[in-house]
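Engineer: Spelled out, the chains give:
Number of protein chains: 2
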Amino acid sequence: MKMSIVVRKDLAMGKGKIAAQVAHAAVDCAMRKSSKVDQWVSEGQKKVVVWAKDENELISLVTKAKSMGVRVCEIRDAGRTQLDPDTLTCAAFGPDEEEIIDKITGGLKLL
Amino acid sequence: MKMSIVVRKDLAMGKGKIAAQVAHAAVDCAMRKSSKVDQWVSEGQKKVVVWAKDENELISLVTKAKSMGVRVCEIRDAGRTQLDPDTLTCAAFGPDEEEIIDKITGGLKLL
Chain U
4 MKMSIVVRKD LAMGKGKIAA QVAHAAVDCA MRKSSKVDQW VSEGQKKVVV WAKDENELIS
64 LVTKAKSMGV RVCEIRDAGR TQLDPDTLTC AAFGPDEEEI IDKITGGLKL L
Chain Z
4 MKMSIVVRKD LAMGKGKIAA QVAHAAVDCA MRKSSKVDQW VSEGQKKVVV WAKDENELIS
64 LVTKAKSMGV RVCEIRDAGR TQLDPDTLTC AAFGPDEEEI IDKITGGLKL L
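As given, the protein sequences belong to chains U and Z, one line each in that order. In this text, residue positions in the first sequence follow our numbering: the first is 4, and each later residue adds one. In this text, residue positions in the second sequence follow our numbering: the first is 4, and each later residue adds one.
Think of the hints as simulated: they come from the structure by calculation, not from any bench. None of these values were measured; they are calculated from a predicted model. Among these hints, one or two may not hold up.
Which copy? The list can't say, so a pair holds if one copy fits it or any two copies do.
Restricting the straight-line Cα-Cα distance to at most 25 Å, the calculated cross-link-like pairs of lysine to any residue (SDA-like) are [to be verified]:
{"id": "1", "residue 1": "Lys67", "residue 2": "Met4"}
{"id": "2", "residue 1": "Lys18", "residue 2": "Ala81"}
{"id": "3", "residue 1": "Lys67", "residue 2": "Thr90"}
{"id": "4", "residue 1": "Lys5", "residue 2": "Met71"}
{"id": "5", "residue 1": "Lys67", "residue 2": "Ser38"}
{"id": "6", "residue 1": "Lys49", "residue 2": "Leu91"}
All chains should be modelled from the sequences, with the hints used to inform the complete structure.
Structural biologist: Here is the structure:
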């Protein structure tokens, strides 16, 4: 099982901001009880963090995941620091079977 | 309620590596059921990500948190990329009352 977190590359976020947003997305997806989450945790909660080039690319991945029935957790920033309010910053996908996650985010580059 | 995640500044980790380690720590601390976690989630899961200068500083914070009864989740890297196996990379503290977390990590700089 794997979780993939996709971060927008077109935003000017520092590494602490990125880490906090990614953690937010990962916690959101991990907190919803399911046997997939349980299995993912028992296997050591594998995660990859990858780039989307902009909001449009991230939204199209979200749409694809939803059409496949894969859990998605989108994060919008409150905008108190660095970003405008309600900016989509990242989204977590899964946890789900590695092959399924790779069909959505497998082509993206690691941060 | 707040969670603080403390990352070692003396390791050569890229921003994707940092984000994945921080997410790992945050998920670990969030997955243990407690009324503090429930309250933290309902309040929007406030997080800060800060630097410790090295392993010794991070270990002393972990020891302090444990002596105060604050939940701590230490992350050690499997060492498949970038780091030696079993390297302590970061730790999450809480979630707990903001004043309590600040007694442990309040003096540290944001990433």
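Engineer: Cα distance capped at 25 Å. Does lysine 67 pair with methionine 4 within a copy, between copies, both, or neither?
Structural biologist: within (19 Å within a copy, 35 Å between copies)
Engineer: Tell me, please, which holds for lysine 49 and leucine 91 at an alpha-carbon limit of 25 Å: within, between, both or neither?
Structural biologist: both (24 Å within a copy, 17 Å between copies)
Engineer: Treating 25 Å as the Cα threshold, decide for lysine 67 and serine 38: within, between, both or neither.
Structural biologist: within (22 Å within a copy, 35 Å between copies)
Engineer: Could you figure out if lysine 67 and threonine 90 sit no more than 25 Å apart (CA to CA) within one copy, between two copies, both or neither?
Structural biologist: Within one copy, since 20 Å is at most 25 Å while 37 Å is not.
Engineer: For lysine 18 vs alanine 81, is the C-alpha pair at or below 25 Å within one copy, between two copies, both, or neither?
Structural biologist: For lysine 18 and alanine 81, the Cα distance is within 25 Å both inside one copy (17 Å) and across copies (22 Å).
Engineer: How would you classify lysine 5 and methionine 71 at a CA-CA limit of 25 Å: within, between, both, or neither?
Structural biologist: within (16 Å within a copy, 34 Å between copies)
In the structure shown, no violation is registered for any of the earlier numbered hints.
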